[in-house]
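Trainee: Okay, here's what each chain looks like letter by letter:
Number of protein chains: 2
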Amino acid sequence: MFIAMNRFKIATGSENEFIDIWKKRETYLDNVPGFKEFHLLQGPSHDDYTLFASHSVWESREAFETWTKSEAFRKAHTTAGGAKGIYLGPPQFEGFDEVI
Amino acid sequence: MFIAMNRFKIATGSENEFIDIWKKRETYLDNVPGFKEFHLLQGPSHDDYTLFASHSVWESREAFETWTKSEAFRKAHTTAGGAKGIYLGPPQFEGFDEVI
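Just so you know, the sequences run in chain order A and B. Mapping the first sequence onto this note's numbering, position 28 (from 1) lands on 84, and the numbers just tick up by one. Mapping the second sequence onto this note's numbering, position 37 (from 1) lands on 93, and the numbers just tick up by one.
These are calculated hints, taken from the structure and not from any lab test. Please read these numbers as outputs of a predicted model, since none were measured by experiment. One or more hints might be untrue.
Each pair may be met inside one copy or between any two copies, as identical chains are not told apart.
In silico lysine-lysine, DSS-like type, Cα no more than 30 Å apart, as pairs [said to hold, decoys possible]: (1) 140 <-> 125; (2) 65 <-> 92; (3) 92 <-> 79; (4) 79 <-> 125; (5) 65 <-> 131; (6) 80 <-> 131; (7) 65 <-> 79.
Modelling step: build the complete structure from the supplied sequences, incorporating the hints.
Mentor: Laid out in structure tokens, this is it:
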């Protein structure tokens, strides 16, 4: 199992706008080989931002990396984004391999 | 769904020692109400450390918080730890609520 997470720092007060962007977004993931599950997660709030994370589960790191080079990935990311002012910096990607 | 993660910065070269600690550890989670799944994940490596994360999935934040106050939690954490030198700082807890 491989878990791909992108961490987003969203300016305090812009949480609902960020969630709406994701609710309207088409991820084109359903038929991607090796894809298992996707969730948007809301993490802890700090003084000036709330942490969010996109969280997708894959059968393997290879399946995830193949997807990142695919047309489905390109299509999903042309619609990503939204108002720049809601983001405190760029998203931070972290890939995790199952150890136990 | 609620995901509880603890992020561990493990000194470069100590990765296998850290994994062994977890392999030998008894988590006492199997019969905890609302518990769904546990994994130890290995994340990206940096200059002086490798990121690991414990990753447990729960039916709700309430189920997780009830567990943290339980005897099962206390038992699981009396055996936690290992050699102090392998950790670059304390673990960082982050709880995530499912939004989508």
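Trainee: Compare the structure with each hint and give your call.
Mentor: Here is what the structure says about each hint:
Only within a single protomer do residue 140 and residue 125 lie at most 30 Å apart by alpha-carbon distance; the minimum there is 25 Å, versus 41 Å between protomers. For a Cα distance limit of 30 Å, the shortest separation of residue 65 from residue 92 qualifies both inside one copy, at 25 Å, and across copies, at 28 Å. When the C-alpha separation of residue 92 and residue 79 is checked against a cutoff of 30 Å, the pair qualifies both within a copy, at 19 Å, and between copies, at 25 Å. In this assembly of identical chains, the alpha carbons of residue 79 and residue 125 lie at most 30 Å apart only when taken from the same copy (24 Å versus 35 Å across copies).
Taking the shortest Cα distances, residue 65 and residue 131 sit within 30 Å of each other inside one copy (24 Å), while across copies they are farther apart (35 Å). In this homomeric assembly, residue 80 and residue 131 come within 30 Å of each other (Cα to Cα) only inside a single copy, at 14 Å, whereas the closest approach across copies is 44 Å. Proximity of residue 65 and residue 79 under a CA criterion of 30 Å is satisfied intra-copy only: 18 Å inside one chain copy versus 33 Å between copies.
When the structure is compared with the earlier hints, no violation turns up for any of them.
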